[in-house]
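Chemist: Construct the entire structure; sequences and hints are all you get.
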Amino acid sequence: MLAALEAPPARIITGVNFAGKSKDVMLQAFSQLNKPGKDNLETALKTGNAASLDKDQQKLFAIASFFIAIADDDTRRALGGIFSLSDDDLENVIARIAPAGTVVFSPDDKQLFLPFDDWMPTAEKERLLVDMTQGAHSQNIRLAISKLAQAAPKLIPDRQQEYGIKVIPAKGNRKEVEISVIVDMPPEVTVNRKITFFDRMVEDAIGNLADDGYTDQAGNMAISPEMVYRQINGLADGEQISKAGVKRVNDSMEKLAKTWCKIDCTEHLKAAGGKMTMDLQEATFGRAIIQGTMVYLKMKSGKEVTGWKITGRPLIYEYSKAIKQLATVERRVLETNTISNTPEVMQMRYYLLQQIERIRNKPGTPGEANVKYDTIFTDTGDTLPLEKTGTGRKTRTNRIKAIKALLDSFQAAGHIAGWREAGAGSRGQKTGVEIIPTDRKTLNRGQS
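With the first letter of the sequence shown counted as 1, position 139 gets the number 471 in this note's numbering; the numbers rise by one all the way through.
Quick caveat, the hints were computed from the structure, so don't treat them as lab data. Where hints are given, some of them may not hold.
[What the hints assert, rightly or not] Mimicking BS3-like on lysine-lysine, the simulated pairs with C-alpha atoms at most 25 Å apart in a straight line are:
| # | residue 1 | residue 2 |
| --- | --- | --- |
| 1 | K526 | K594 |
| 2 | K704 | K694 |
| 3 | K653 | K602 |
[Claimed, not checked] Just the calculated beta-carbon pair ranges, DEER-fashion:
| # | residue 1 | residue 2 | range |
| --- | --- | --- | --- |
| 4 | V523 | G380 | 22 to 30 Å |
| 5 | E719 | N505 | 44 to 52 Å |
| 6 | A620 | A737 | 31 to 39 Å |
| 7 | G496 | K367 | 35 to 43 Å |
All of these numbers come straight from a predicted model, not from anything done at the bench. Beta carbons: idealized from backbone N, C-alpha and C, even for Gly.
Modeler: As structure tokens, this is what we get:
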């Protein structure tokens, strides 16, 4: 690892260096460090202070920090295990080097790694400068609940792979029909190479900003990752956000801008009927999930920040809107102030809100779980609570506590009538929750 950094004076390290066999070799190298060396690195990673490390250890500290920041969730947990780092420790490491997408190892020992914008030549840094678009948040948010929106995280990117998703039109011929979907990503997308549950949250947040009027007359938006993060969490404009949170949103937007998707919903629209579909031959949506480019945004204060210029609504959100599969939730329901907005909590909250809309139509058998814990973890891509290890069991307990706190918050906001644990596992433990929805008339009165 260190030998690779000795010749030229500054070597650029990118995400490619931390994938495949290189990733496995580096994990093995870190795990085989002697105990004093590992303990020193653990302390430095937890505190962010590498001053007491020797030159080689400082380089390892820089490598480990960047590795943690760009790694997928499983690899990041493996690194956390090697250095005894908690989830909070890992988030702090990410925050210290965000928004670095690339790291430079410099001959100057006082600054071993620099954010991308600090070393990138000025000519290459020049981007389009645009005014940030202004809008006003509505009292409600909209969640895509179409079958495609729910299935998207299960689709493997491959231009040759066509997926069939069975749907039932909301009106017209109510017989089940099939839409076909193709998803693809370019080779340079190596981390989280699929549409994750979090990506879907980001997409819906961008769609909400468009529907809340954050567009110019041409339908373009100039928005920042901070605005998207606040929309996901129902935060007010100007509320502070961690660097790690901003980086996660920006990484997702960058991936979605590179992700191509084609939806053939011809049979769906034909079955739905209506004047517009009488002579319909073909109906397809096909483009990048978000049509956007990175820009510099000029704020009202004159400050310039990195952001995105986006044309139109994100693809899956727009499709869901076209077929009237957007659920409306009061914005205040997102204000779960008693629980920290960790990535896992954000995803569980969003997932539960989606499931509540399903339960309104199909509440299930009284007394039985209509949302299972394992399904929550699987569908949101949170695999650690499913592991049969000490860490897995402890994480599962904490996640279930968070789920209960979220449901209490929803009930206090009047979004659900109540909930209780239900289901029985092999050892008699509860396997999920039975959510009792508020009837639509009561809910609509609250939203009017």
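Chemist: Check the structure against each numbered hint from earlier and tell me which ones fail, lowest number first.
Modeler: 7
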